[in-house]
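Chemist: For reference, the chains in residue letters:
Protein chains: 2
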Amino acid sequence: MKLTNAYDVELEAVNMEGAKGAKIRWLISQKDGAPTFAMRMFEVDPDGQTPYHEHTWEHEIYCLSGSGMLLTERGDLPFATDDIIYVDPNMKHAFKNVGTDTLKFLCIIPNEQPVTKKTLNPFAGETANNC
Amino acid sequence: MKLTNAYDVELEAVNMEGAKGAKIRWLISQKDGAPTFAMRMFEVDPDGQTPYHEHTWEHEIYCLSGSGMLLTERGDLPFATDDIIYVDPNMKHAFKNVGTDTLKFLCIIPNEQPVTKKTLNPFAGETANNC
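The listed protein sequences correspond, in order, to chains A and B.
Once you know that position 72 of the first sequence is 358 in the working numbering, the rest is easy, because the numbers rise by one and skip nothing.
Once you know that position 63 of the second sequence is 349 in the working numbering, the rest is easy, because the numbers rise by one and skip nothing.
Where hints are given, some of them may not hold.
It does not matter which identical chain is used: a pair holds within one copy or between any two.
Derived pair list, reagent style DSS-like, types lysine-lysine, alpha-carbon separation capped at 25 angstroms [unchecked claim]:
id, residue 1, residue 2
1, K288, K378
2, K378, K309
3, K288, K317
4, K378, K317
5, K378, K306
Derived by calculation from the structure, the hints in this document are not laboratory data.
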């Protein structure tokens, strides 16, 4: 179990090639015992962005604040506070800050070795709504 | 791919026994093609709560707004905007609104049948910070 404020989690630079003015907080990850997926928060400076790239895993995004642009091969799509984005596996993407304030969003990714046997969830098909 | 505002996603009642004044939006789920986990938003009325129960899968929570209480067998823990909570598999829990405004939080859960082969992520061990 873990309960803390997101802003008390270490803020680290994103040093990957193609990143500019982007930082990350690993809010919940395998280090906390989370078996299946990891929740990270990104903070991107004005004019900054994450790398434009693709990979074999998906992203589930929740924009907490700011104004962003999702760059894709099919064109660019604006997004802002309370927008959600699902990025398919193997889809090229980048998240660019096009506003004047810091762009903040959550980005959840699957773990490298999910412990799926422990966490099979018969309710995830939306047959029941629980928490 | 999906990009939409969270508040444009259908708001459904949580009818499970023990729930009171709780509603849910399935923001990103298997219906969208998400292979591993589902992102939901809960909205809980003042004095409302989710069921006090346990299950074999984990929760990863981000509190968007409001004042809540996490009920556990070891005691109750207050939480508020920008707090994160990791609830272990098989841990009893409920989320109660103890404020005067709607309590809103994201709750991510693993899918019933995760497609893990497609989404193995060599970077999830925090060896690289990318998005």
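Chemist: Checked against the structure, which of the hints given earlier come out wrong?
Modeler: Failing hints: none at all.
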